[in-house]
Structures are given as C-alpha cells and as structure tokens.
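J.: Chains as they are written, first to last, in this note's numbering: chain A, -11 to 284; chain B, 171 to 475; chain C, 11 to 461.
Please keep in mind that the hints were generated in silico from the structure rather than gathered at the bench.
Hints are supplied without guarantee of correctness; some may be wrong.
Claimed, not checked - Straight-line alpha carbon distances no greater than 27 Å define the calculated DSS-like cross-link-like pairs of lysine-lysine that follow:
{"hint": "1", "chain 1": "C", "residue 1": "K217", "chain 2": "A", "residue 2": "K132"}
{"hint": "2", "chain 1": "A", "residue 1": "K280", "chain 2": "B", "residue 2": "K296"}
{"hint": "3", "chain 1": "A", "residue 1": "K(-5)", "chain 2": "B", "residue 2": "K380"}
{"hint": "4", "chain 1": "B", "residue 1": "K294", "chain 2": "A", "residue 2": "K(-4)"}
{"hint": "5", "chain 1": "B", "residue 1": "K198", "chain 2": "A", "residue 2": "K(-3)"}
{"hint": "6", "chain 1": "B", "residue 1": "K380", "chain 2": "A", "residue 2": "K(-4)"}
{"hint": "7", "chain 1": "C", "residue 1": "K96", "chain 2": "C", "residue 2": "K217"}
{"hint": "8", "chain 1": "A", "residue 1": "K280", "chain 2": "B", "residue 2": "K297"}
{"hint": "9", "chain 1": "A", "residue 1": "K(-5)", "chain 2": "B", "residue 2": "K297"}
{"hint": "10", "chain 1": "A", "residue 1": "K280", "chain 2": "B", "residue 2": "K361"}
{"hint": "11", "chain 1": "B", "residue 1": "K380", "chain 2": "A", "residue 2": "K(-3)"}
{"hint": "12", "chain 1": "A", "residue 1": "K280", "chain 2": "A", "residue 2": "K192"}
{"hint": "13", "chain 1": "A", "residue 1": "K(-5)", "chain 2": "B", "residue 2": "K296"}
{"hint": "14", "chain 1": "C", "residue 1": "K368", "chain 2": "C", "residue 2": "K96"}
{"hint": "15", "chain 1": "A", "residue 1": "K192", "chain 2": "B", "residue 2": "K264"}
{"hint": "16", "chain 1": "A", "residue 1": "K(-3)", "chain 2": "B", "residue 2": "K361"}
{"hint": "17", "chain 1": "B", "residue 1": "K264", "chain 2": "C", "residue 2": "K96"}
{"hint": "18", "chain 1": "B", "residue 1": "K294", "chain 2": "A", "residue 2": "K(-5)"}
{"hint": "19", "chain 1": "B", "residue 1": "K297", "chain 2": "A", "residue 2": "K(-3)"}
{"hint": "20", "chain 1": "A", "residue 1": "K90", "chain 2": "B", "residue 2": "K296"}
{"hint": "21", "chain 1": "B", "residue 1": "K335", "chain 2": "C", "residue 2": "K96"}
{"hint": "22", "chain 1": "A", "residue 1": "K(-4)", "chain 2": "B", "residue 2": "K296"}
{"hint": "23", "chain 1": "A", "residue 1": "K(-4)", "chain 2": "B", "residue 2": "K361"}
{"hint": "24", "chain 1": "C", "residue 1": "K333", "chain 2": "C", "residue 2": "K445"}
{"hint": "25", "chain 1": "B", "residue 1": "K361", "chain 2": "A", "residue 2": "K192"}
{"hint": "26", "chain 1": "C", "residue 1": "K190", "chain 2": "C", "residue 2": "K173"}
{"hint": "27", "chain 1": "A", "residue 1": "K62", "chain 2": "A", "residue 2": "K280"}
{"hint": "28", "chain 1": "C", "residue 1": "K338", "chain 2": "C", "residue 2": "K217"}
{"hint": "29", "chain 1": "A", "residue 1": "K62", "chain 2": "C", "residue 2": "K445"}
{"hint": "30", "chain 1": "A", "residue 1": "K(-3)", "chain 2": "B", "residue 2": "K294"}
{"hint": "31", "chain 1": "C", "residue 1": "K391", "chain 2": "C", "residue 2": "K215"}
{"hint": "32", "chain 1": "C", "residue 1": "K160", "chain 2": "C", "residue 2": "K391"}
{"hint": "33", "chain 1": "B", "residue 1": "K297", "chain 2": "A", "residue 2": "K(-4)"}
{"hint": "34", "chain 1": "A", "residue 1": "K50", "chain 2": "C", "residue 2": "K445"}
{"hint": "35", "chain 1": "B", "residue 1": "K294", "chain 2": "A", "residue 2": "K280"}
{"hint": "36", "chain 1": "A", "residue 1": "K(-5)", "chain 2": "B", "residue 2": "K361"}
{"hint": "37", "chain 1": "B", "residue 1": "K380", "chain 2": "B", "residue 2": "K296"}
{"hint": "38", "chain 1": "A", "residue 1": "K90", "chain 2": "B", "residue 2": "K380"}
No experiment lies behind these values; they were computed from the predicted model shown.
Chain by chain, the residues run as shown.
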Amino acid sequence: MNSTIYKKKGPLVFFLIPALLFMAVFLFYPFIMNIANSFQRITQLGSSAQGMNDPWYANYQKLFNDPIMGTALKNTMLLMLATIVFEVGFALILGLLVDNIKVGTQFFRTVYFFPIVISATALGLLFNLIFLYNGGMLNQMLVKFLGLSDYIDWKDSNHFLFTMLAPIMWQYVGFYFVIIVTGLNNISGEIYEAAAIDGAQGLKRTRYITLPLLRNVLSTCLILAITGALKVFDLPWIMFSTGIPLDESWLTGTYMYAQAFVFKDVDYSSTIAVVIVVLGVVISQIANRVFKEVDY
Amino acid sequence: MESISAKKVSEKQPSRFKRALRRITAGKVVSYIVLSFWALTTIYPFYWVIINSFRYRGQIRRDSFSIPWPGSEYFTLDNYELAFGRFNIPNAYKNSLIISITVTVVVIILAGLFAYGLARYNFKGKKFVHSLVIASMMFPVFCTIIPIYKMEVAWGLASSREAYKSLIATILPQIAGNLSFAIIVLLGFIKSLPVEIEESAYLDGCSVFKIFFRIVMPMARPSFATVAIFSFLWSYNDLFTQSFFLRLPNEKTVTLLLNDINSQAGTNYGLMASAVVLVVIPILIVYILLQKNIIKGMTVGAVKG
Amino acid sequence: MKKTLALALVVLMMFGVLAGCQPSTPAPSSPSPDAPPVQSDEPAPPPVDTNEPVELVVVTTYGGDDGNRQNYEAAYQAYEVATGNKVLDASDTSNEVFKAKVLTDFETGSEPDVLFYFSGVDSNPFVEAGKVVSIDEIRAEYPEYASNMKDSMLANSPADGKKYSVPVNGYWEGMFTNVKVLEAAGVAIPGADYTWDQFLADCQKIKDAGFTPVGVSLQEVPHYWFEFTIFNHGNVDNHLDMPENGTDAVAQKWAEGLADIKELYDLGYLPVNTLTATDGDTVQLVGDGEAAFLIDGSWKIGWFEQNCADHLEDFIVTYVPSKGGDRKASDVVSGLSSGYFITRKAWDDPAKRDAAVKFVMAMTTDDVVSAFGATSVTALKNGTTPPADASSLTLSALEMLKGTTGAVAAVQDNIPPEIRGVMFNDLKNVITGSKTAATLIDETLAAMNNQ
Chain A
-11 MNSTIYKKKG PLVFFLIPAL LFMAVFLFYP FIMNIANSFQ RITQLGSSAQ GMNDPWYANY
49 QKLFNDPIMG TALKNTMLLM LATIVFEVGF ALILGLLVDN IKVGTQFFRT VYFFPIVISA
109 TALGLLFNLI FLYNGGMLNQ MLVKFLGLSD YIDWKDSNHF LFTMLAPIMW QYVGFYFVII
169 VTGLNNISGE IYEAAAIDGA QGLKRTRYIT LPLLRNVLST CLILAITGAL KVFDLPWIMF
229 STGIPLDESW LTGTYMYAQA FVFKDVDYSS TIAVVIVVLG VVISQIANRV FKEVDY
Chain B
171 MESISAKKVS EKQPSRFKRA LRRITAGKVV SYIVLSFWAL TTIYPFYWVI INSFRYRGQI
231 RRDSFSIPWP GSEYFTLDNY ELAFGRFNIP NAYKNSLIIS ITVTVVVIIL AGLFAYGLAR
291 YNFKGKKFVH SLVIASMMFP VFCTIIPIYK MEVAWGLASS REAYKSLIAT ILPQIAGNLS
351 FAIIVLLGFI KSLPVEIEES AYLDGCSVFK IFFRIVMPMA RPSFATVAIF SFLWSYNDLF
411 TQSFFLRLPN EKTVTLLLND INSQAGTNYG LMASAVVLVV IPILIVYILL QKNIIKGMTV
471 GAVKG
Chain C
11 MKKTLALALV VLMMFGVLAG CQPSTPAPSS PSPDAPPVQS DEPAPPPVDT NEPVELVVVT
71 TYGGDDGNRQ NYEAAYQAYE VATGNKVLDA SDTSNEVFKA KVLTDFETGS EPDVLFYFSG
131 VDSNPFVEAG KVVSIDEIRA EYPEYASNMK DSMLANSPAD GKKYSVPVNG YWEGMFTNVK
191 VLEAAGVAIP GADYTWDQFL ADCQKIKDAG FTPVGVSLQE VPHYWFEFTI FNHGNVDNHL
251 DMPENGTDAV AQKWAEGLAD IKELYDLGYL PVNTLTATDG DTVQLVGDGE AAFLIDGSWK
311 IGWFEQNCAD HLEDFIVTYV PSKGGDRKAS DVVSGLSSGY FITRKAWDDP AKRDAAVKFV
371 MAMTTDDVVS AFGATSVTAL KNGTTPPADA SSLTLSALEM LKGTTGAVAA VQDNIPPEIR
431 GVMFNDLKNV ITGSKTAATL IDETLAAMNN Q
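The following block holds chain A by itself, in its conformation from the complex (with noise of 0.2 Å):
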C-alpha cells in the first residue's frame, strides 16, 4: 500500500502492539517453553523435566526414523489437498450459488453451519455408527438395496482413507463457506451494477469480477486449509484413535495428541508440535507465493 495516509508508522505501534502482547505472553512464551522441552525428557503432562535428552536433539533423530511419522506426513499430506480441492472448492460452489439465488439465502447459511456447532463427540459417534460393521447404517443399505452378501469393514487398509477423509470434508466445507459468502457480501453491489451495464452477467460475471475480488479471502483459505490439515485431530482421533488399522491412519494432528496423551512421550510431542508449526509456515508461504503467480 502506498497510500500516503500510511507514510506515517508512528499509529501502527498502537495497532500491533495491544494484539502482540497477548500472543507474547499466551503463545510465543508457552510455545519457546515447548521448544525447550522437545530437548528434555518429560514422561507426564504437567510433571517437570528429568533432564536433557541424550544427545539433546535425539527427538529431532527418531522424527527422521520413525515410520510412523512418514505414515502421518503422508497423510496430512493428502488431507490438505483434499481440504483444498473438495472443502474450499466446494464451500466456493456453494457460495457462488448461494450469492446468486433469492429464496432461502438465510436458511442455506444457517443449516450448513450445523456441522461445525455439533461437537465432534457427537459426529465421531455418528459416523461411528454409520460406518459400523454390524449393522451400522451403510452396511445395512448396501446389504438391502444393493445385494451385497458381506459387510464391509470401512475402518480396513482399503477404506480407510474414504473412511476418515469424508466426515473431514463434509464437517469443513460449511467453515469455508461462511467465510467465502463473508467475502462475497464485501463485494459492493455497485460493482454489479456497473458490470451488468458492461454485459457482465452469470458466469462471465463470476469468473470476471467475482473471483478476481475474492483473491483476498480465498488466499486466506488457503492459509486456514494448510495449517487446519496439520493440526486436524478431533474427529479422526475418535473414530481412528491410534492409527486403525494397524496404524496406518495416523495423521500428523493425532500423532501428537497421542504421544503426548497416551505414549506419554511429551517431550517426543513437543518435537512434532515444532515440526507441524514449521511445515504449516514453509507450506503456506509457497501455496501464497504459487497463488500469487495463478493468472486470472
């Protein structure tokens, strides 16, 4: 911005100031505290430190051997492009279409903000249930409707994946549609207006003015997608808990929770937290830098 109003820093003290104090003290301080202890050996939450690690950065060693780790790169991996194509994508189709109609605006965007209100106890639980192998609900209609003669293990190494991604994506794709539908109400109608006088109108009008205005936010996206699919944990982690099926499942989120919660490796946690903040960085610089170069 080169705007003359904003030669002058001396205001910006006052607007960064007030927000980084809260960071410094609640994130940055707590978080330089894990990077600490990502060097210690700590084997409870919430007890202190044995001592250093042997040699210190033995943690950052068993990140680069252990297979497990791979397994949970791979998939956040996965995950994210998922979050990307199917969660963002879609939440953009239906606010695109959402934006365009008259009727129901209002009952649209309020029923597909349930997904994201109902707690993740109560969706693992359901979708527990629907995927369950005795009976649950998508056996049940496949065995009735479509003649299947056995059940389908949907938590098994060739389902998995269809298994834990789908409730993700439906849960998600109501988050980025509230904030999409946000930035397409910021767009002024007299920019409508003046592109209807020019013949802009239905797709035209969406890929000429509609998208390019909505850069801004759908770049933000792209940044709440990259680092919501390292740090994803909730539903996956009760309908998968430790890597169903023989742990291939895990995802970098989980993994986390798990050696810190159950594996009791806190400080072996405190290492991922590390590696999942860096990579969620590095990752999202480049997904900004490649968007900036997309041409529209």
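With chain A held as given, fit chains B and C onto it using these hints.
T.: Same frame as chain A, but now just chains B and C:
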C-alpha cells in the same frame, strides 16, 4: 440500515411473483437441487442428535436411526431431567456467556487493529510478523497450556478458588488463542477493501484511528461478524482450556458441565445427545443474530450512511 | 526502523516481567523429601478449635457421571453436616487430562488438601517430591487413622515403598459371558474348572452357530487378554515377575501368552474387525448377543446394568479358562489401585490438619466403603456388605469372587504408563505376526532401562 431495506423493497415491489417466475431458469433449478442436497446432509446429523436425545439409554448403539415417538417404550425425557436435576445449568450458561462474549469482543477489536495495521502499512519485518501469526495458529493448546497455567498461578489468577479470577484466567489464553485466526481472516477481508475510500476520508481530515473506527470497521462489518461467530464458537466449545482453569462447581460452563455428565467411558449416548442439544442452542442463537450482519448490501448502506 | 525497535523492546520487557514472576512459582514451602516423617521435636499443633469451620479442597476421580458420584456426594455432605467444615469439591473424571492437571497443581503448589488418586506409578511424581504425607506419619498423631483396613492390603508406593493412600474400593477382572449365546450354540456355562481346551472347543461351536466367540478390540484394549494369557503360563506367585530380556523364562511366559491370543485370532474366534473396531463396538457385540465372551474389569458391571437393563439376566461373570499351568481358572487378577492422599500442604496447616484427617476417615468407614462397591475388592477388616437391591449381574460377580482361590495384581502395572501405552499399541503387530513377542519385550525393556 434504512438504505438497504429501502433498496430491497424497491427491488422486489413490482409484481414480485411474475418477476420470480420469469427468473426460473435451468441454472436456478440446478442451483437449488445442489444447495438442497447439501442442506440435507447437514440437517440430518442435527436431526439425528435431537431424536436420540429423547431415546432411552442403551438404545442408541442398537438402533439410532428410528424415531422414538413420544409414548413408545424408547421415548424418554430422562436425559434432560438428569442434566437439569443434577447440575446448576443456568449458572453454567452465565459463566459460558461471560467468557465467550468477553473473548469475542476483545478478539475482534485487537485482531481488527492488528489486521488493519498489517494490511495497510509497510514496515520492516512485516513478513516475519505475518509468518509469526500463521505459526501461532498451529500452536497446539496442550503444548501451551501448562506454561500458561503455571504463569497464572504465579500471578494469583488461576487456582485461586475465586470464581471471577478463574473466569479471567480462562479468558486471557482464549483471547490469545483466537487472535491469530481472527487476524488471518480479517487481513484477507481488509486487504480487499478499496483504499480509495480511506484516502478520500483522509483528505477530508480524518485521522487514521478515525478511519479505522468510522470507515474500515463499518465497511468490513460482515467480516467482523464472521470472525465474531467463530471466536464465540471456539471459546464456548474449548473444553480443554476451560477444564484446566474452571474446576469448582460454581465456575463450570455449560460445555464443561455437560461434558462431565457424559464423560464416563462415553457410554450414555442419550445423555450425550441431550447435552449436545443444550450446548448448541446458544451458539445457533448467536449465529443467527450475528448472521443478520452478513447480509448483502450492508456495506453499501454503511458507507453511504 | 525506530518503531520496530520499540516494538521489540516492549516484547522484551514482557518477557522480563514474566521472568520476574517465574521464580516465585516452585519455591513455596516444599519440604525436603527426606525430612524425617515424624517431627518429634516440633510441638504437635494445638488441638484444633473445632468451632472454626474449615474449607477443604478435595480432588477425586468421582466426578462427572462416575458410578459412585452420588455415593461420594452423600458421604462428603454427611461429613460437612457432622463437622461444620466445608468441602470444595473439584472432582473430575479420570483421564489423561485429569492426571496432567493434578501433576501441574503439585508443581505449582496449588494442590488440593485431600486427593483421591492412583496409588501406583502415577503417584510417583508427588510422592518423590514429598508433597503427600505417609500413613505412618499420620498415625503417629492419629493412631486410629485407617485402622479399619488391613495394613497388608494398603498400597506401597512404588517410589519409596511407604504407604500413603487409604483405599476405598478395588477392582477385579473376570469373564463376562452372554448365556443366551451359549445356549443358542449348545455350550455349557463354564465354571471354576474351565480349561483352555474346553474354551477352544466352545469357541468353535459358537463360531459354527454363527456368533462371534470373543468380543475384543485388539487394536484398542488387548490389556485384559494380555494379562490373563500370561497369567495362564505362570501362577499367583510369579505372575508379577518382569522379564530381564526378550528370551528369559519370564519373557518366554509372556511370548506363550501372546501366542495364545494369536491362536484365537488365527482361528477366527475374535471379531472379524478386531483390528479396526473400537472397544465400544466389541463390548456392544456381547451386550447385543452377537458375541459370547468378554474379559473385562469390575467397572463393566455398571455398563451392563445401564445398557442392557432389559435383558440383564442374560449375563453372568465367570472365570477365565486356565491353560494347564499352575494358574487355576479361579485365580483372578484384582487389586486396589487408588486411595485418599493427604497433602503435605494440608498437614502442615494447623487449621486443616485435623479436618483433612477426619475427612479421609469419614470417607473410608465400613459403611461408606460398602456403599461404594459391594463387589469390589476391599481392604476392610470386616469386608463389605452387599446392598439389598443388588442386580443379578452383581450377585453373579459376588459368587464368582466367593469362589476365588487366589488373586494377584496386574503385571502390566509394573510397566510405567508411558511405556505401557506404546507396548499395547504395538501388540497388534505381534498378534498379526509382523513382529515377534521377543522383539516387543526387548523394546519395552529397553525403554524401561532407558529411564
């Protein structure tokens, strides 16, 4: 406000029905089919939760997809009676609202200021600050909670056995936790606002602060409403932070209390379903109230007015 | 840039402020852990003025919808009425987050006055820090403290071998059996002389009749089968021995036990989806009459009473089959795993010492303990008395306990929780054959020695 409604009315007045009919095109029909299909998938789980909150305990895993009609042997109000009978639910709602409203208000103000500064000013280290915000969005709360807890005990805030101090002890880290998300989202929105309006206001002699509070905030009102909704939602649902700082019965929030009721091995699903209903109601109310602010045309009206 | 500098300064100052706050945290009044338990030269605190009501902060695991929540509330309210003291109850449901909170409290000096907590390795951090008071030290002043309990049954702290906690009710592990399924498959109800061969034959019959013989989720809770199959290759006296390496006699015993689970898995006696199902799913199979056997703990009685109330008579608790070794089928796994601790902080506070001691005594009287768990293992000298309205399943469990010929604690509790979790998560790899038992034992031992 008036200008929008005026606009809407003028738009819709001349023989609304005819115009609507004329507008029905294949595209519209497909739109509605897609939208309705998605709506079905999102309504169904909510419907499922509600019917199961009236189901007799032990019946959910066996048969959760039928309707427990009132009067049938599986229908029961026990789950709600238990929730209200054993716990002080009104007080819990009060605590929840105090926490979540405070968090929401502080977050949108601080994040708004920060995002505005970051969006409009160029300064050394801007990229670094931006990365810092993205990074902090991924700090897992269970990594940061223990240092925060120890710090707040040292300040005499946490674990003081005084309800209001415990509430503050919960609010502070929650504010910080929601800030980074709010900043990232607001940043995207504020960047999209046309600078020209701010410039003309500046030429009219407005100070930067006036521009922020009088121009940017009203113009980005839908964005602030959206951020407010999510801040509220996450503060309200944040079981982990709450459970660390709120331990005594009179400090508990709705989310905590209802989680307490059905925590044991997660077996009483009917109770869980009723808990979900009780927890969700306030969020939906807040969402619907704030949603009014995300209505199209608001920005235009605000700038003109 | 001046502004950035200013900004950096402010942030730095903040850290300064924080750093200033830090030291005051760990310091307060933590007595040296090796202080003599009885401070004889110190005059005993003057008899407490009982007119002064005391506020006692109590943390227990009887929070949420714990089966004993109501019993607990009734008991502490009776104490409040009797003494005029006030109980500030910060109880919670026991899980890993709860444990983290308790430990953080001890670290920051904000621990409660009385704590009901696990007496095994979980209590080590605060026992080692000298933050709780031993029963001996309390008895020096209150000789009647925990006098209704058998001393031999009070848990020794794994940290220093001293006794710190007064237990309420313990646990046992046994085999929950769906009798309906047995009838349908034409299998006799097993008794105290149940053998592994009979068990395998029964499983085959049950499988042939179209049911799942055993309800177990190998990926989530293989713990009970681990315990009993190992027990089957030893006896009450040597069950708690730990292997020294992956191939010694004890490790051999463990490997044979795991091989037995593998046998069940290979023969198809476990649920088809035992590697992907949750524990909730597989327990439900037994509850719904789709599976016959479930090894589980005393706490499962409540689950059946709540979730299978309309056909509770279908279920009994019986003995886990024995496998020709020294273990009789009627030898069970049981123990007392938690109890009331009085913290050093409360003990050193003259206003609270008496109140805390009286509180624990009030919560562990014969009557209260009986109310908390009629079927559970108890340290009471007089034993517990079952309630008059006990359910059929409770009565079945009582009968099973009556016929018990021997009892031993769980050997898995010898393994520190952080290593136990990893081991059990890896167990599925041994059962499916992608890892040998010896490797698993070696890895577990290596992790333990690494401490």
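J.: The structure should be examined with respect to each hint, and the outcome stated for every one.
T.: Checked hints:
Our distance criterion of 27 Å between C-alpha atoms is met by C/K217 and A/K132, whose separation comes to about 24 Å. Distance check on the hinted pair: A/K280 and B/K296 sit about 18 Å apart at the alpha-carbon level, within 27 Å; holds. Restraint check for A/K(-5) and B/K380: the C-alpha separation of about 16 Å stays at or below 27 Å, so the hint holds. Among the hinted pairs, B/K294 with A/K(-4) is consistent with the structure: their alpha-carbon atoms are about 14 Å apart, no more than 27 Å.
Among the hinted pairs, B/K198 with A/K(-3) is inconsistent with the structure: their alpha-carbon atoms are about 50 Å apart, more than 27 Å. Our distance criterion of 27 Å between C-alpha atoms is met by B/K380 and A/K(-4), whose separation comes to about 15 Å. Between C/K96 and C/K217 the alpha-carbon distance is near 57 Å, which puts this suggested pair outside the 27 Å criterion. At most 27 Å may separate the alpha-carbon atoms for a hinted pair to count; A/K280 and B/K297 meet this at roughly 15 Å.
With a C-alpha separation of about 18 Å, the suggested pair A/K(-5) and B/K297 falls inside the 27 Å cut-off, and the hint holds. Using a Cα cut-off of 27 Å, the hinted pair A/K280 and B/K361 holds, with the two alpha carbons roughly 14 Å apart. Note on B/K380 and A/K(-3): the hinted pairing holds, with a Cα-Cα distance of about 16 Å set against a maximum of 27 Å. Distance hint between A/K280 and A/K192 is fulfilled; the C-alpha atoms sit about 22 Å from each other, no more than 27 Å.
About 15 Å separates the Cα atoms of A/K(-5) and B/K296, which keeps this hinted pair within 27 Å; it holds. Of the pairs offered as hints, the one joining C/K368 and C/K96 holds, with about 12 Å between alpha carbons and a cut-off of 27 Å not exceeded. The straight-line distance between the Cα atoms of A/K192 and B/K264 is roughly 50 Å, outside the 27 Å bound, and the hint therefore fails. Proximity of A/K(-3) to B/K361 is assessed by CA-CA distance (about 18 Å); at most 27 Å being required, the pair is judged to hold.
A distance of roughly 24 Å separates the Cα atoms of B/K264 and C/K96; the hinted pair therefore holds under the 27 Å criterion. For the hint linking B/K294 to A/K(-5), the alpha-carbon distance of about 13 Å falls within 27 Å, and the restraint holds. The suggested pairing of B/K297 with A/K(-3) holds, with an alpha-carbon distance near 16 Å, which does not exceed 27 Å. Distance check on the hinted pair: A/K90 and B/K296 sit about 42 Å apart at the alpha-carbon level, beyond 27 Å; violated.
A threshold of 27 Å between alpha carbons decides the hint, and for B/K335 with C/K96 the separation of about 21 Å falls inside it, so the pair holds. Taking the CA atoms of A/K(-4) and B/K296, the gap is about 15 Å. The hint holds against a cut of 27 Å. For a cut-off of 27 Å, the pair hint linking A/K(-4) to B/K361 stands: about 19 Å separates their Cα positions. As the CA atoms of C/K333 and C/K445 are separated by approximately 24 Å, the hinted pair is consistent with the 27 Å bound.
Of the pairs offered as hints, the one joining B/K361 and A/K192 holds, with about 24 Å between alpha carbons and a cut-off of 27 Å not exceeded. As the CA atoms of C/K190 and C/K173 are separated by approximately 45 Å, the hinted pair breaks the 27 Å bound. A distance of roughly 26 Å separates the Cα atoms of A/K62 and A/K280; the hinted pair therefore holds under the 27 Å criterion. Distance check on the hinted pair: C/K338 and C/K217 sit about 26 Å apart at the alpha-carbon level, within 27 Å; holds.
Restraint check: the Cα-Cα separation between A/K62 and C/K445 comes to about 23 Å, which is no more than 27 Å; the hinted pair holds. Note on A/K(-3) and B/K294: the hinted pairing holds, with a Cα-Cα distance of about 11 Å set against a maximum of 27 Å. Using a Cα cut-off of 27 Å, the hinted pair C/K391 and C/K215 is violated, with the two alpha carbons roughly 44 Å apart. Our distance criterion of 27 Å between C-alpha atoms is met by C/K160 and C/K391, whose separation comes to about 6 Å.
Our distance criterion of 27 Å between C-alpha atoms is met by B/K297 and A/K(-4), whose separation comes to about 19 Å. With a CA separation close to 20 Å, the supplied pair A/K50 and C/K445 stays within the 27 Å bound. Proximity of B/K294 to A/K280 is assessed by CA-CA distance (about 21 Å); at most 27 Å being required, the pair is judged to hold. Note on A/K(-5) and B/K361: the hinted pairing holds, with a Cα-Cα distance of about 17 Å set against a maximum of 27 Å.
At most 27 Å may separate the alpha-carbon atoms for a hinted pair to count; B/K380 and B/K296 meet this at roughly 23 Å. Proximity of A/K90 to B/K380 is assessed by CA-CA distance (about 36 Å); at most 27 Å being required, the pair is judged violated.
The structure is inconsistent with the numbered hints 5, 7, 15, 20, 26, 31, 38, although it conforms to all the rest.
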